[in-house]
Amino acid sequence: MVSAVQAPSPRKGRAGARAAKPVVSVVADTPGQRRFKVFAVVVLSLVVAVTLYPFVNVLAQSFSDSANIAAGKVNLFPRGFNVDTYRVVMSDRDFWVGYRNTIVYTVLATAISMVLTTCFAYATSKRHLKGRKAFILFAVFTMFFNGGIIPNYVLVTSLGMRNTVWAVVLPSAISVFNVLVMKTFFEAMPEELEEAASIDGLNTYGILLRIVLPLSKAVLATMLLFYAVSHWNSWFQAFLYLDDKDMFPVTIYLRNMIAGVSSTASSGAEASDIGMISANIQSVTMVLIVLPIVCIYPFIQKYFVSGVMLGSVKQ
Amino acid sequence: MAVSTPPAKRLRSRAPLADAAAVRAPRTTWRSALRKDWRLYSLLVLPLLWFLVFKYLPMAGNVIAFRRFTPGGSVFGEEWVGLDYVQMFIDDPTFWAVFRNTLVLGGLTLLVGFPAPIIFALLLNELKARRFKRFVQTASYLPHFMSIVIVVAMIMQLVSLRGTINQVVGLFGADPVNFIQNPDWFRTIYVTSDVWQTMGWGAILYLAALTTIDDSLYEAARIDGANRWQQTWHVTLPGIAPTVVTLLILNIGSFLAVGFEKVLLLQNPLTYETGDVISTYLYRVGLQSNSFSYATAIGLFESLIGLVLVLSANAVSRRVAGSSLW
Amino acid sequence: MNRTSTSPSARTLTRRTTLAGLVALTGGALAACGGGGDDGADVSDKTTGAMKDFDAGTAFKATAPLTYTSLFSDQPTYPFKEDWLFWTALQENTDVGLDFTIVPASDYEQKRSLVVSAGDSPIIIPKTYPGQETPFVASGVVLPVSDYTDLMPHFRDQVEKWDLQSEVDTLRQKDGKYYVLPGLHEALWPDYTLIVRTDVFEKAGVPLPTSWAEVESALAAIKQANPDSIPFSDRYEGKSVLNYGAVAFGTVGGWGYGEGLQFDEDNDEFVFAAATDEYRSMVEYFAGLVSKGLMDPESFTQTDDAAQAKFTSGRSFVISGNSQDPSVYRAQMDQSIGAGNYAISKIIVPSGPAGDLIGGSRLENGIMISAKAAERDDFQALMQFIDWLFYSDEGREFAKWGVEGTTYTKDASGKRSLMPDINYTGLNPAGTKDLRIDYGFSQGNFSYGGSTELLHSMMSEEELAFQEAMTAKTPVEPLPAHPYSQVEQEQITLLAKPLQDFVDQSTLQFITGQRSLADWDAYVGELEQRGSTRYLELVNKAYAEAKA
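Residue numbers (this note's numbering), protein chains in the order written: chain A, 1 to 315; chain B, 1 to 326; chain C, 1 to 548.
These aren't lab readings, by the way, just hints derived from the structure by calculation.
Even for Gly, the Cβ is constructed at its ideal location relative to N, Cα and C.
Hints are not guaranteed to be accurate.
Here's a subset of chain C near chain B, in silico, CB distances under 10 Å, partners left out [as the list claims (entries may be wrong)]:
1) Ser113
2) Leu418
3) Asp421
4) Ser506
5) Gln509
6) Thr512
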């Protein structure tokens, strides 16, 4: 493997260590290692506490009444427990229409993203491919240079995609960042495997589908998560290209809701028109939107871990 | 290192340990390449088409940096004005102020925000308790799922005069600090919250990379008597080096693109001094006032810097670490 | 202009409107000052669906079924529904259907800018504030509506009846035309002011203040009675209080900052507002409040939620608000403080050194119309439809109150009341349905402006008393017209925005005490360094040209 050979291990490295501690048990932890572990657990627990607090706070707010929220009394636990706002939001047709749309867009967009990204990343991970560098540059260039909003809008309109699902799904199909990540992983795969497969008579497609992808579950799961979350949370494309309210994803619903509560209105007349949305409705909407991701995540993570097992068994 | 090819060519076409094919046939013709690898090329067709249509076509609209654009008029502007808009921002003192702010803020974010997920992933990797590990991991992603608006609202609460942080400050007998109005605190608040928000999520990549490290390498190291730190230094870090380098290069390239929405929501006129960045300035001057040509000119300048940075970072990395994006 | 490769129709369109502009400038310069329609492109054959004898007082009904496209700003408080009575009743009454592009209100301006800039906007573009149309004028994508006011008898009638011509004239662009149909108010409509805890004022033994000087002494008295409190903590990032505060000090600020200009009658020229003595005295006043601990420095940066929480939980006693806010605050305070333990009220906007003035404009947000409309066969009907819906008493009453007998009733004296089961911002607290949410009436896209009678018909007693008291004030004169050419416009924008940023920043620094007022002269110097002089040159040049 490339990385293993790159390891800079001259001079003081292993030799020095061996001299200092001649024979160490392979199985048991040394006191130093144990201390290290305790340290890790403490730090990570702190991190978890800090990361979780605001989320627990939002959750608590979503179940509290607005008087307690306004008084700033809600911290870790709900005060004035009620589920009225949940009832209001969940009985709102717009919310469910948005939810359904978001699911459809996310599934479709993620599928397209995965296919395009895998194809591009796999092909460009082959170092012998002529023009490889040019293709990568072609992609990387777009990370820094892009067209403005208006040219994009004109493009989508003239492709006849405005107010269709394609306008949401296609323009953000490939993330160059993800392509590069995936490419790096493919490059780290042992060449011999594929060589062996091609000797067995598999062509490129066969190698990709039967050998490479099954061995890349970890990276595929990661990419899947990356794409799915970004499509799930995205609202800008939909905002730009959709005209019909029945096609809006739930993120637009959330955004409009939040803007209705926090006034960044540009003038007095605007501000008087909005307002009056109960303080915890944004927490409720937040919780409902994040919920599916949080629910699905452990399953992907499980798969992700099994991908890990496979990965280490293989060599 | 045996030198069999002229040095210049070797530099260009060979990454260390590139597979033998590249060395053997540095100059295949397109015809033979296509015949040999047509299946690989076929995989490229759709993505390339996508880049062409959705990225490169709209890019032509950037010509309005040099042509006067009238909202509602031609997408490509009405008349050539040459470098007028470039001259305009070069003469604009506010532009240089926000440019400096962007550099500092982006630099700090890179300096603090880049290593954080690596350290986090390494710590996580130390844990053997599966359940706790998974819990920590899941918990650390949550901030990523929250919209910026909510995140900022939370920050505001925390740092307000009666917020949690000032309560802690009060415990030490100090006067409460009006963090959000004080330009000296803006960067700290921004960078800290950025780490908070992206650390867990950013660690995913490293965790995935960690799984590709062969266990036998650790075994070997342990037999060699390496302690935990040494194992980390000699096995783990080299194992995730390609990922680290890739991400570093990309982060360097995009470090001017500091989180627009977050800065916009966090800043207020009192913190413009340190908190106003290129994108927020563009938003106020360019988009809110429909000066698209001016905004495009500055945008192009920003892109150019990003591209130069990423190309240099890539070149440096190839020479120093032997690893690069292409 | 001829090197571009856009669609041919857009280009010819541009050329045609430029031509029309030239005609208006040379031939029709005088006519442009009149109230009638200016010379526009010939639309005499675009009569599909139009009424032959449409005049002031005529109810519009298309002679053939028509459909127009329109943008719609969708409010989260009363989200758009396709089956609102508004649409069905409108279709029934006028035979006009509307096909909407729905835009979330949070980002309405961006989307409007995008679709108009891309030359692809719907026909009707509502919720456009005067001034927001300016960037789109040069390219000719927006209809010069002043050319077609002869098709709009109600509009003309109202401008004349309410003496609005001079206000409407301020909308004119360099070519002498205007491109937005503003919402028209019969009288100035004050909305924002201070809302105070009257019980706390009483307890401290101070009367409700009528001037800013009294506000200060009242706050001081309250502070004395409640030493731990900061009595005044404001919302809207201070932009509301600086808006109506500035009027009393004879300058502009906050939401009312606008172009940052004041007009100096004596020298017949514009001056930069934020550098004047008036502005300085306003800044000094508020800086004084903050330094004496009477006003919360967080007023200018905290979120509305936070400010509101301070007020409704009894931590502060004065806050800004509009006509709808008292009922909102009360609902929250009933829970947090308890009904009967508090009393709040809007006070009359305080007067100041500049006198007892009332700011604002009788023009409100209105509509732009896509230039493409003029090519449609049903163009005349479109203008008649808009004229009826937005400018006739009947159309306005429909948009505000709905359908008589279904959503409201009218007694013999003409007093309207909502049906018992329908509520609107607390008018009918027992009502289970909401006039806006369930029927689509009284919503911001289609209902604004109008006669004082209509405006007052939906106000609570409390609000009516406020409105009544405010009529004693003298209106501020609107600024004289000073339209810019396209190139000037671009320069002005690029100068004005950074200047405004700097003014915002410095104003807050002075007020919160981060910068000493002894620095004022240095600050004025910095303004000049940032181009305030050049900015004024451009403005005054445009003004001189407009006068000539």
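Going through the hints against the structure:
1. Because the closest C-beta pair between Ser113/C and chain B is about 6 Å apart, less than 10 Å, the hint holds.
2. About 35 Å separates the beta-carbon of Leu418/C from the nearest beta-carbon of chain B, more than 10 Å, and the hint is not met.
3. At its closest, the beta carbon of Asp421/C sits 36 Å from a beta carbon of chain B; the interface hint therefore is violated under the 10 Å criterion.
4. The interface hint given for Ser506/C holds, since its Cβ lies 8 Å from the closest Cβ of chain B, which is under the 10 Å cut-off.
5. Hint status for Gln509/C relative to chain B: holds, with the closest Cβ pair at about 6 Å, below 10 Å.
6. Against a cut-off of 10 Å between C-beta atoms, the interface hint on Thr512/C holds, since the closest Cβ of chain B lies about 6 Å away.
Of the numbered hints listed earlier, those contradicted by the structure are 2, 3.
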